[in-house]
Each structure stands twice: as structure tokens, then as C-alpha cells.
Amino acid sequence: MDKTENNGLDRRGFLKTLGAGIAASASLYGCSSEKKTAYGDPAVSDKAIGEMTYRESLTGDKVSLLGYGCMRWPMTKDENGKDIVDQERVNELVDYAIEHGVNYFDTAPVYLQGQSEKATGIALKRHPRDKFFIATKLSNFSNSSFENSKKMYEQSFKEMQVDYIDYYLLHSIGGGGVPSFRQRFVDNGIIDFLVKEREAGRIRNLGWSYHGDKETFLYVLDMDVKWDFVQIQMNYADWKTNDAEFLYRELEKRNIPVVIMEPLLGGRLAKLSDHLVGRLKQRRPDLSVASWAFRFAGHFPRVLTSLSGMTYKEHLIDNLKTYSPIEYLTDEELEFLEETAQLMLKYPTIPCNDCKYCMPCPYGIDIPAVLLHYNKCVNEGNVPKDRQDPKYREARQAFLVGYDRSVPKLRQASHCIGCNQCMQHCPQRINIPRQLHRIDEFVEKLKQDTL
Amino acid sequence: MNSKIRKVLAAVFFTLVTLLFLDFTGTLHAWFGWMAKIQFLPALLALNVGVVALLVVLTLVMGRIYCSVICPLGVFQDIAGWLGKKAKKHRYTYSKPLTWLRYAMLGLFVIALVAGVGSLVALLAPYSAWGRIVSNLFSPLYLWGNNLLAHFAEQAESYTFYSADVWIKGGATLLVAIFTFVILGVLAWRNGRTYCNTICPVGTVLGFLARFSWLKPVIDTSKCNSCGLCARNCKAACIDSKTHSIDYSRCVVCLDCIDTCKKGAIRYVHRAKSADSAQAPKVDEGRRAFMTATAIATATGLVKAQEKKLDGGLATIEDKQIPERTTPILPPGALSARNFHQHCTACQLCVQVCPNQVLRPSTGLMNLMQPEASYERGYCRPECTKCSEVCPAGAIRPIDRAEKSSIQVGHAVWIEQNCVVNTDGVSCGNCERHCPTGAIQMVPKDASNPRSLKIPVIDTERCIGCGACENLCPSRPFSAIYVEGHEVHRTL
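As given, the protein sequences belong to chains A and B, one line each in that order.
According to this note's numbering, the stretch in the first sequence is residues -6 to 444, in order.
According to this note's numbering, the stretch in the second sequence is residues 871 to 1362, in order.
Hints may contain errors.
As the list claims (entries may be wrong) - Listed next, the in silico BS3-like pairs over lysine-lysine satisfying Cα-Cα at most 30 Å (straight line):
(1) Lys440/A with Lys907/B
(2) Lys1324/B with Lys438/A
(3) Lys440/A with Lys1039/B
(4) Lys1039/B with Lys402/A
(5) Lys369/A with Lys438/A
(6) Lys339/A with Lys440/A
(7) Lys440/A with Lys1190/B
(8) Lys1132/B with Lys955/B
Because the hints were derived from the structure by calculation, they are not lab data.
So that you can see chain A by itself, here it is in the shape it has in the complex (with noise of 0.2 Å):
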């Protein structure tokens, strides 16, 4: 094993002379093969996996700070093409997650068109109830009724099959300020219920999940119910552009546990311009881009747990391998993520974090689809300034091509007609339809060579 570049070096000088180029490249290769560790890519391996970091909550619940979000399950097709929940890789994906410390699972009943809750219930079943906590959402959007919201409320009891839940969140506040809060939330008198309802044990934790504005976020802070916890937006690309810190700071003066979401904003941190992905990477090639991401979030002391929606087994074990233990930022790091947020802003993609809330359009477009490809181009260089940009060709090619195969021709912003119904399920705010219409331009400037 301890054969040196220079043996690689001799033997190539020796190949040399039988000739040519291919036997240049035949030692090269011998020369890494020797290099190689015991296993394979250490990216996709556990063997790295240590001891997961816990933080405490309130009511002295141990939480792992990698939490599970159970909003992006692997999907397969039923006999009739329906989309419907890959239960059996579900099942797998949270018995690993167990085995090797998660314990906090966040779910809610509108999550993938109503089958996250029951998805989850079912692999969650399998384990002894006092090994992990769970956490789901009132997402009494449509109907904010005392009726229904009581009734919403039971049914995840029914479909998560237990009989207390750990943390519950009134879904998504902030959006429509704080008349539309209080009328979800106040004037119906359901806050008094969940009060009782954690007063006689069903509820151990109550808080709320926030999108919205300063105003409203200190508003639901001041007033007269103790809250367990809040679940905020955090990450080091909302850090300073966005109310992040303020959030937190707030949250940290009142010593209220902090659920963060989004630390990878939809995967989008993980997803970075080729230039971004070199610098994160230059200077930790042992880290993946994302892990980046999940040590920035857990780098403050009041964040109790951090969420992620991990589809695939790689996502999981790169995250575990972050958090097992958690390695935290030196002040120079903080600051090199504060140049990267800061980097970031020159990649002018559209802040979607593909939870598709806004779906379905009425009008069949796929509206996630759309913005996802159009930051795929921004962060591939794929979307010239104009026919001078010396990419021009390439690039126009790489994004219509793209276009027609990320999106079928009926579902693409051509055909969004700004009906605006999309706007206001948007947590992120952003402007779907000036977005949609936006890109079209675009694609005809394009398509018409008169960019």
C-alpha cells in the first residue's frame, strides 16, 4: 500500500515505451486504484456515522437535531397511474433514520395530497411510541370553522394511529397578517381548544409555523398563550437577506425552541451555480454542498431540531453524517456563508422550494416545474443576457430542450393566463404569475433569436 506517485510515475515511463496515449491513461487509472480506501465513495456510506446531536425542549424532550420531513415521501403509481405514497421505501427510509438516532418526524395533513399523515403513521407504527416524537400541522386553509378545524384535528389522530401527538403547529401563520390569523385561529375559538386539548396531555407542545411578515410574527409572540416552540424559515441565504435573523434573535430573547425549515431552502442550497459549488467545495472537499446548509442551521444553540425532506437514502445519510455529531462553524466559516449568501444574489433564480402548495393550477400548468427549470438554467449559466453572450447558442439550446423535457408543452408558462389563484398559497410570496409570464417572455425571445 505504500506505493508512492513516483512508483506511478516510473511504471508510466516504463509503459511509455509500448506506446502512445492509452497506456498513459492505464497508469494514471493504477495509480488512484491504489489510492483507494477500504470502501467505496464515502459519500453513500454509514460507516462515518457517529453519534447523533440531541437538543432539549422545553418539556425536556431529548430531539435529535436532524429532523425528518415527512413532505417529501418517495412516490410510485397505483394500478390506475395515481400518485400514491412508496410505503415500502418509506418504511425503510424511517427505520434507518431510527436505528441511527432521528426521532422527531413533521408532518401535516395536506402534505402529498393528503397521504403524508397515514405514510407516515403506518412507519412510524412499527417502533415503540416513546422513541421518536411526532409533529403535525392544523392546515385549516380552505375552511377555518370551529367544526372543521376541530374535526381536522381528530382525523390526525385517526390517520397518525396514536393517541397523543408531541408537537402540534397552527399551519403556516403570517400569510394575510394578522386579520387572517385571527380568523383561522382566534375568533373561531380554537387556540382556547389546544390550549385544553395540552392541558389534558393530547397536545405535549403547541406552536406555530411562520411565513410572513415582522408585524405579524410578534404579534402571535406577545400574545396571551405560552408557546412551546416556533418553526421558522432559516438559512444562511435568508440569514441576512431575508427577516432569519430577526426571527431568531426574537425567538432566542424569549427562550422559546426554535423547529428550523427550509434550511436547505427546498434543496436549492444544495442545487448551487457550478462557481458556488467550487468555492464551498475548495475549501472542504470531505463536505457535501448541502452539509454546508444543515451546520449553518444548527450551528445556534436555540434551534432544537432541523428539518429535511429526504427522498433518497444518500440525502439521509449525508444529513446523519452531518449531525452525528454536529462539526459547528468557526467564526471565519459564519463569515465565508455570509460571502456565499451574499454570491448567491448575482444567480437571480425565483425563491421556489418546490412545495407545491400552489398546485394544481386550474389551468393544468405545472407551476413548480416551470421555476425549478428556469433556476436549473440560471444556476447552469443556461440563460444568456443576450444573442451577444458567447454561450448564446449552447445555452438557448440547453434551455428550450430542457424546457419541452422538464415540462410537457400544455403545462408550460405559455398557458398560465394570470387568473392569480396560485398567489396566495405561495409561502414564499412569490409573484407565480409575473413569474410565470416573465419566463415565457423569455422562451419567445428565444424561440423568436431576438433576445
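For chain A, the structure is supplied; the task is to place chain B on it using the hints.
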């Protein structure tokens, strides 16, 4: 000139003309589009005097070499005949000319042409018959092959290949193509060039000229032992070995007889010259076999078409249906319905290259198989002038992008009760947003309330009939805005 050169030239022409119908990207047309434009009938209809004169001179010098090299339908029959000869050697016999039938068919053709019965003209035109066979029977295989490559390219993150839709553009045309293919294939397999020497109007015209051609295959009676081998291998059935005569109106100058004759008694010379002994070159059967094998391999290399999976969170989209148009829409460059129908031989070349799935063969009896436009699958995009570039017959005249943007082929009509502004109570304006000429504007539905939802109004003077509005209208299955064709196109 010998049969070997003839075969190589025929293979080149045949392959490239066929590829013109298969290449949906339009790259090949830039280089070999002229091969469609030198086809006799399209050139004649396009009043392409130069080409017609050239072909006449060619025939007067060399005989019906056109039928053996340039005409793809002729070469197709040679391939079928060659396969037939494999099954049974020396299978042809001399037959008496059916001159009455030939001139009757030519007469019928001319009458149809003058009377404007486009469907009959199209049915008899040889090059177009091949175009229909390729576009209807072979093109799907080609596209499926392409889509397989596109599938692999997608896996490899490459953008070189992109997939194309395979769809039946016209049922009647497909049937005609199948019948033509089967009937001509069987006829050629059994008897060689029967079609060319009885039905084909181009064959009759060129045959008349070929009787006076400078070069001809001539039998040297001093060497001929009347074995009859030449006659039994003549696919045109035009050699009467008993009288040592050749019917030059039917001879397609394949020169196979020269190779067959063991005595070297036949030579391709000017008739006045006497024959001297020269060795006939051996036929390169291997090359020919290779060419055919390649053609067959392409045809059989079919693969399953892939379907795009849809997420369950997507609303279903109903297919659009063709609205009842009073006047059919013809592509810009067609000038008028009259000009278009007089020139078009329904070869399907424009249908094949249309990247937006707008053109398809019509089903009307008078103009069966001649293309027309419709906008359920796409619209006539402003940057595209493909059909006008490829048309060999002058049915669609060449236009550039600037001209296209000002040619009015029809005008849009709004159907109030279909519009989603009325049916769904939502704001829309997708027609206005995509109109390339700004012919549509949105005005408040309620004139007294400027904040009411807006409906489209059309300035028909600015509308060019491209169909962007019709295609992108959210109303399904019938759009709330559709295009009516114009009989005479106008330049705005």
C-alpha cells in the same frame, strides 16, 4: 454511363430525398432541398422553366434516366423489383405497350390539373406518392428512433437530441399511402416498372421525349443470338428479343440488359454508331445489397414511444378539438386557395417539416391530402418559414420572416360564451399577451365599470391569422378565439 454508376447515383438521390421527408429539424433541407425542387411535376407546377428545360434536355440526350435516378418512386420500385428477382430469376417478359392507357391517364391528369381536382393530381404524381409513403409509414419509425436517442441524451444531460411527437396527421392520407406502398410494391416485385409505363403521367411525357434521345441502348444484331436473356431481365418489359427492338418510350435506361447480355450485343450509344466489342462492367451487387440493407435496417429499427409521466397534483387537460372553419387556413406564402390548389402535389414535405404541428393533409374530397393549417397542437410561429422554404411546387412561395409577419392568412374570431372570463369569472388575456401583431386588446367587459374583468377585442385589420390566440386560449375543448381562413391572402 453504366448500370453501376446509375445505381450509385440512384442510391444517393433516393436516400437524400427520403431523408428530406424524415429530417424534422430542417437541417438537411439547407443542403439538399434542391433535390425536391428538381422533381419534374413540382418543377412544372412551380413554372420552374430552368429545371423543366434541363430535364427535357437530359431526357433528349440520355433517355428516361430521370426515372431511374431522380424519381424516388422509380428507385423504390427498382428496390422492390430487385427483391423480386432474388426470389425468382429472369422473371420478366416482353409485353406489348398499352399506349392507349398511358395517354388516357395523361389526359385524365391534365384535365384534373386544369379543373383543379387537386386530389386526383396528387394521387397520380409520382414524387409526391413517395413523399406520402415516407411521411406516413417511415417517418414514425424515424421519429421513434430519434426519441430513443433523445431519451438517452436526456439521461446523459445532453441537449443534442430532442424528442418529437408522433401523431396521425390524416387518416385518409395514411390509407392512400399504405395502398400506394402495397400496390406499387407488389407490382414492382412481380413485373418491374408497370406503374411507370402505364399510369405515371411523368413517365408518359418523358417516354414520348425519350423516343428521340441521343443515347440509347442498342442491340447489335450481328452479335445477338436471340437468347432472350435481356428481355427476361428487363423491368420495363420493353425489349422484344424476337424482333431485336427496344421500345424507348418505356425504357428507363437502367442498363441492366447490357450487363445481362453474355454476347456483349447491347451497348448504350448513339444509334447511328455501330457497336464495337467492349466488356460490360460487373455489377457491384454487394454495394447495392448494402444500400438496401441499410434502408431496411432503418425501417425496422423501431422502438417504443415514451410517454411523459404526469404528477398527480396536476389538473387534467382536455385535448383541443378542431373548430368548424368556413374557409380552411393555408400557410403564408400560399398566396391564395386557387394558387395553392393548382400547384400542390400533396408530397407532404411541408407537413413533415412543420415544427409546430400546424400543417396536416386535408380531408376534403377535392383537395384530399393537400395540406391545411389548424391550431389545436401549436400555432404558426413568427420565426418559422420552413414550409415556404421546402415547397418544390410553388404552392407555398418562399417568404422571409419580415414578410410573414405581415401576411394575413385569416383572422381571429372571438366566441363570447367560451371565454373563461365569462365561464370561470377570472381575468385572463392570454390571447392578447401572445398576439405577435398587437391585434388584440383587452377592454372592460362592462363599459360603465372600468374595473370589471376584461374581454378581448380584435382588430381584424391587424390580425394575420397565426393562431397564437387560438392555441393558447385556456378554453377547452373549443377555444374561445379561433381563426377563419381567407381565400386570398393579403399583405398588410
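message = Name the hints, by number, that the structure is in violation of.
response = Result: no hint breaks.
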